[in-house]
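Colleague: Make the full structure from the sequences, and use the hints.
If you want the building blocks of each chain, they are given just below.
Protein chains: 2
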Amino acid sequence: MKYGIALFPTKKLQDLANSFRMRYDSHYALIPPHITVKEPFEISDDSLPYITSKLRDIAKSSSPVEINVYKVDTFSPQSNTIFFKIKEHETLSELYAKLHQEPFEENTKYKFIPHVTIGQDLSNDEVADVVGRLRMKKIEHHEVIDRMQLLYQLENGSWTVYETYRLGE
Amino acid sequence: MKYGIALFPTKKLQDLANSFRMRYDSHYALIPPHITVKEPFEISDDSLPYITSKLRDIAKSSSPVEINVYKVDTFSPQSNTIFFKIKEHETLSELYAKLHQEPFEENTKYKFIPHVTIGQDLSNDEVADVVGRLRMKKIEHHEVIDRMQLLYQLENGSWTVYETYRLGE
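Quick mapping for you: the protein sequence lines, in order, are chains W and B.
UniProt numbering numbers the first residue of the first sequence as 1 and each following residue consecutively.
UniProt numbering numbers the first residue of the second sequence as 1 and each following residue consecutively.
Wrong hints could be hidden among the right ones.
Cross-link-like lysine-lysine pairs, in silico, DSSO-like; alpha carbons within 30 Å at most [what the hints assert, rightly or not]:
id, chain 1, residue 1, chain 2, residue 2
1, B, K11, W, K2
2, W, K12, B, K2
3, W, K109, W, K60
4, W, K54, B, K60
5, B, K87, B, K109
6, W, K2, B, K138
7, W, K2, B, K38
8, W, K54, W, K85
9, B, K98, B, K137
10, B, K109, W, K2
11, B, K2, B, K138
12, B, K138, B, K11
13, B, K11, W, K11
14, W, K85, W, K111
15, W, K2, B, K85
16, B, K2, W, K11
17, B, K2, W, K60
18, B, K60, W, K2
19, W, K38, W, K98
20, W, K11, B, K38
21, W, K138, W, K60
22, W, K111, W, K12
Partner residues aside, some chain W positions facing chain B, computed with beta carbon under 7 Å [what the hints assert, rightly or not]:
id, residue
23, F8
24, Q14
25, D15
26, N18
27, A29
28, P32
29, L154
30, E155
31, N156
32, T160
33, V161
34, E163
35, T164
Label pairs and their computed distance ranges (CB to CB) [said to hold, decoys possible]:
id, chain 1, residue 1, chain 2, residue 2, range
36, W, Y70, B, T52, 28 to 34 Å
37, B, K138, W, G168, 47 to 53 Å
38, W, R135, B, E143, 45 to 51 Å
39, B, E143, W, T108, 34 to 40 Å
40, W, Y70, B, E94, 30 to 36 Å
I should point out that these hints are in silico values taken from the structure, not numbers from a laboratory.
Glycine residues also receive a C-beta, built at the ideal position from the N, C-alpha and C atoms.
Modeller: In structure tokens form, the structure reads like this:
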């Protein structure tokens, strides 16, 4: 089954993200606003107990994560995703690192750029237009997230939370 | 903030429910298929730590829940909801009872009829038509659910999981 690991920010930031996502994000109805810390990966039913116990260990040995949203940005031209950009912080990069070492696969494809997606699957012109407007807006938000969630994907593409892990506990 | 407590069944039952919900359920995009064990209620930020510790205690003292889906039914004419009906089982009714006694409010309005909603906000004619057809289908599913989830509602009506509690642990 396909699983992913995400952090959900507070309702306040989720509501703000959704005010953009409802217009710009094709995945709006599939999952609440989130910060992906591990891209979708397969876990077999047999190895699920082992993986979840590893995740419990990782959460326990990690600190709550500092989130500083400071601007709207895009991966364009690599991809047409628009997002709230989050400042790099060691609490977040350390958690990410632990989720990409034994027994998990490394991520050799991308550098980790922490973000909350607010738009995707738009045309190049739409991206330029939306990003151009949103870059003028002052977006500043700080919070500490004290939990991470393991989710699995249903056949319709939506995600259900399987388990919550408290960071530092 | 508005919270609710739900059980998510396995992907298999969620996928089956979604195959109906996509056509018949106005809440299809707001939350994955679930069994509500506590209707939406308010928790203030101040009392959240107390409530979550209570929920941890309740989960620990409860058993994993037996789920037997055995037919499609409707609350019509009281309400136009269509659902997978779940056999009463003491593991489920005991969990429900614990979630409706001190410090939580009693539910004096409804008897607990455990179910997974697959349709709502349909016209009377649609309900009669859909239920008439689905009652002919053989729907049988058994599973044991070993966790419950506390969720909160965003401004757009969708639900985000706040925490998972393992039953019996």
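Colleague: Look at each hint and say if it fits the structure.
Modeller: Here's how the hints hold up against the structure:
As the CA atoms of K11 of chain B and K2 of chain W are separated by approximately 11 Å, the hinted pair is consistent with the 30 Å bound. Between K12 of chain W and K2 of chain B the alpha-carbon distance is near 13 Å, which keeps this suggested pair within the 30 Å criterion. Distance check on the hinted pair: K109 of chain W and K60 of chain W sit about 28 Å apart at the alpha-carbon level, within 30 Å; holds. For a cut-off of 30 Å, the pair hint linking K54 of chain W to K60 of chain B stands: about 21 Å separates their Cα positions.
Under the criterion of a C-alpha separation no larger than 30 Å, the hint pairing K87 of chain B with K109 of chain B is consistent with the structure, at around 21 Å. At most 30 Å may separate the alpha-carbon atoms for a hinted pair to count; K2 of chain W and K138 of chain B meet this at roughly 29 Å. Under the criterion of a C-alpha separation no larger than 30 Å, the hint pairing K2 of chain W with K38 of chain B is consistent with the structure, at around 29 Å. For the hint pairing K54 of chain W with K85 of chain W, the CA-to-CA distance comes to about 29 Å; that is within 30 Å, so the pair holds.
Restraint check for K98 of chain B and K137 of chain B: not satisfied, since their Cα atoms lie roughly 34 Å apart, outside the 30 Å limit. With a CA separation close to 40 Å, the supplied pair K109 of chain B and K2 of chain W exceeds the 30 Å bound. About 36 Å separates the Cα atoms of K2 of chain B and K138 of chain B, which puts this hinted pair outside 30 Å; it is violated. Distance check on the hinted pair: K138 of chain B and K11 of chain B sit about 19 Å apart at the alpha-carbon level, within 30 Å; holds.
Restraint check: the Cα-Cα separation between K11 of chain B and K11 of chain W comes to about 26 Å, which is no more than 30 Å; the hinted pair holds. Between K85 of chain W and K111 of chain W, the direct Cα distance comes to roughly 14 Å. Compliance with the 30 Å bound is thereby established for this hinted pair. With a C-alpha separation of about 28 Å, the suggested pairing of K2 of chain W with K85 of chain B holds against the 30 Å cut-off. A threshold of 30 Å between alpha carbons decides the hint, and for K2 of chain B with K11 of chain W the separation of about 11 Å falls inside it, so the pair holds.
Of the supplied pair hints, the one linking K2 of chain B and K60 of chain W holds, its CA atoms being roughly 28 Å apart against a limit of 30 Å. The hinted pair formed by K60 of chain B and K2 of chain W meets the criterion: a straight-line CA distance of about 28 Å does not exceed 30 Å. Among the hinted pairs, K38 of chain W with K98 of chain W is consistent with the structure: their alpha-carbon atoms are about 10 Å apart, no more than 30 Å. Under the criterion of a C-alpha separation no larger than 30 Å, the hint pairing K11 of chain W with K38 of chain B is consistent with the structure, at around 20 Å.
This hinted pair does not check out: K138 of chain W and K60 of chain W have alpha carbons roughly 35 Å apart, beyond 30 Å. Between K111 of chain W and K12 of chain W the CA atoms are separated by roughly 28 Å; this keeps the pair inside 30 Å, and the hint holds. With its C-beta approaching chain B no nearer than about 5 Å, F8 of chain W sits inside the 7 Å limit, and its interface hint holds. With 7 Å as the threshold, the beta carbon of Q14 of chain W comes within range of chain B, its nearest partner Cβ sitting at about 5 Å, so the hint holds.
With a least beta-carbon distance of about 5 Å to chain B, the hint placing D15 of chain W at the interface is held under the 7 Å criterion. This hint holds: N18 of chain W has a C-beta 5 Å from the nearest C-beta of chain B, less than the 7 Å allowed. Contact between A29 of chain W and chain B, as hinted, is supported at the beta carbon level, the nearest pair being about 3 Å apart and thus within 7 Å. For P32 of chain W, the interface hint holds, the least distance from its beta-carbon to any beta-carbon of chain B being 4 Å, beneath 7 Å.
With a least beta-carbon distance of about 5 Å to chain B, the hint placing L154 of chain W at the interface is held under the 7 Å criterion. Evaluation of the E155 of chain W hint against chain B yields a held restraint, the C-beta minimum of about 5 Å falling below 7 Å. For the restraint placing N156 of chain W at the interface with chain B, the shortest Cβ-Cβ distance is roughly 5 Å, inside the 7 Å limit, so the hint holds. Taking 7 Å as the C-beta contact cut-off toward chain B, the hint placing T160 of chain W at the interface holds, the least distance being around 4 Å.
Annotation: V161 of chain W was flagged as interfacial toward chain B, and the flag holds, the nearest CB pair being 4 Å apart, inside 7 Å. For E163 of chain W, the suggested interface contact is upheld, since its CB lies about 5 Å from the closest CB of chain B, less than 7 Å. With 7 Å as the threshold, the beta carbon of T164 of chain W comes within range of chain B, its nearest partner Cβ sitting at about 4 Å, so the hint holds. Hint check: Y70 of chain W to T52 of chain B, Cβ distance near 31 Å, so the stated range 28 to 34 Å holds.
With their beta carbons about 49 Å apart, K138 of chain B and G168 of chain W fall inside the hinted range of 47 to 53 Å. At roughly 49 Å, the beta carbons of R135 of chain W and E143 of chain B sit within the given window of 45 to 51 Å. About 38 Å separates the C-beta atoms of E143 of chain B and T108 of chain W, a value consistent with the hinted range of 34 to 40 Å. Checking the proposed 30 to 36 Å range against Y70 of chain W and E94 of chain B shows it is violated: the Cβ atoms sit about 49 Å from each other.
Checked against the numbered hints given earlier, this structure breaks hints 9, 10, 11, 21, 40; the rest are met.
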